[in-house]
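Peer 1: Sequence:
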Amino acid sequence: MKYYFSFFLFLTLNFVFGQQNTEFKSVKNFFDYQRFMLNNEFKKKFDSESDFSAKINIKKDFSEFIRRIDSIQNTALVGALIKVKNREDLDRLKIPNLPKVELANPKKTDLEQEAKYPGGFNNLRGQVADLFYSDAVLANQEQLKTSVEFVVERDGSITSVHAVGDNFTFNRQAEIAMYLLPEKFEPAQINGMPVRYRFRLPLAMNFE
Numbered sequence: 001m002k003y004y005f006s007f008f009l010f011l012t013l014n015f016v017f018g019q020q021n022t023e024f025k026s027v028k029n030f031f032d033y034q035r036f037m038l039n040n041e042f043k044k045k046f047d048s049e050s051d052f053s054a055k056i057n058i059k060k061d062f063s064e065f066i067r068r069i070d071s072i073q074n075t076a077l078v079g080a081l082i083k084v085k086n087r088e089d090l091d092r093l094k095i096p097n098l099p100k101v102e103l104a105n106p107k108k109t110d111l112e113q114e115a116k117y118p119g120g121f122n123n124l125r126g127q128v129a130d131l132f133y134s135d136a137v138l139a140n141q142e143q144l145k146t147s148v149e150f151v152v153e154r155d156g157s158i159t160s161v162h163a164v165g166d167n168f169t170f171n172r173q174a175e176i177a178m179y180l181l182p183e184k185f186e187p188a189q190i191n192g193m194p195v196r197y198r199f200r201l202p203l204a205m206n207f208e
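Position 74 of the sequence shown, counting from 1, maps to 74 under the numbering used here, and the rest follow consecutively.
None of these hints come from the bench; they were simulated from the model. Quick caveat: nothing in here was measured; it's all calculated off a predicted structure. Keep in mind that the hints are not guaranteed to be accurate.
As the list claims (entries may be wrong) - Distance condition first, Cα-Cα at most 16 Å in a straight line; then the derived EDC-like pairs of lysine to aspartate or glutamate:
hint, residue 1, residue 2
1, Lys55, Glu41
2, Lys43, Asp61
3, Lys45, Asp61
4, Lys28, Asp130
5, Lys28, Asp61
6, Lys28, Glu183
7, Lys85, Glu23
8, Lys145, Glu114
9, Lys43, Glu23
10, Lys184, Asp155
11, Lys83, Glu23
12, Lys60, Glu41
13, Lys116, Glu49
14, Lys59, Asp47
15, Lys45, Asp32
16, Lys116, Asp155
17, Lys25, Glu183
18, Lys59, Glu49
19, Lys60, Asp47
20, Lys59, Glu41
21, Lys184, Asp110
22, Lys44, Asp70
23, Lys85, Glu149
24, Lys116, Asp166
Please model the entire structure based on the sequences and the hints provided.
Peer 2: So this is what it looks like as structure tokens:
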């Protein structure tokens, strides 16, 4: 099944509290290592085989193993998403006990610098597309849409990722892809100080 992404970016400013998580990085690093080891073993087997038909079968077997690993990894990532969301929900309950932000409800014109992703919007779009696991999406129509909101923290990490759309599995995979982004944002600034910044990223995928 072919699929295509289209993105539109809207920015709004808001102050929230959150914390950086390592669950997604841990899951990805573990399964990347499994793929690396699997690739080495299959390459040895492929290189040692002289029969052309056998080589084709080895390639098919390798593709099937990778497909299974991708599926198992996604299950682990769903577990990480639930864990992170639960933790962030608990953190939000602690907000009244935290120091209040002095610049309450600043206007966008107060910003000296908006939050930026390395390489710009096109790089962000490409990385989300690469990280999106479409095989887990139960598509019931040709095009699916969601609106993903997330917060860029003062250190450039992202938290509080929440996707709103009609398709639950599409929303979930969009959230996972955002948490898997490999690079941090350059945080927004007001009066030379980094501030928390909220993004809204509408996302659409066409299925053919």
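Peer 1: Output the numbers, in ascending order, of every earlier hint that fails for this structure.
Peer 2: 5, 8, 9, 13, 15, 21, 22, 24
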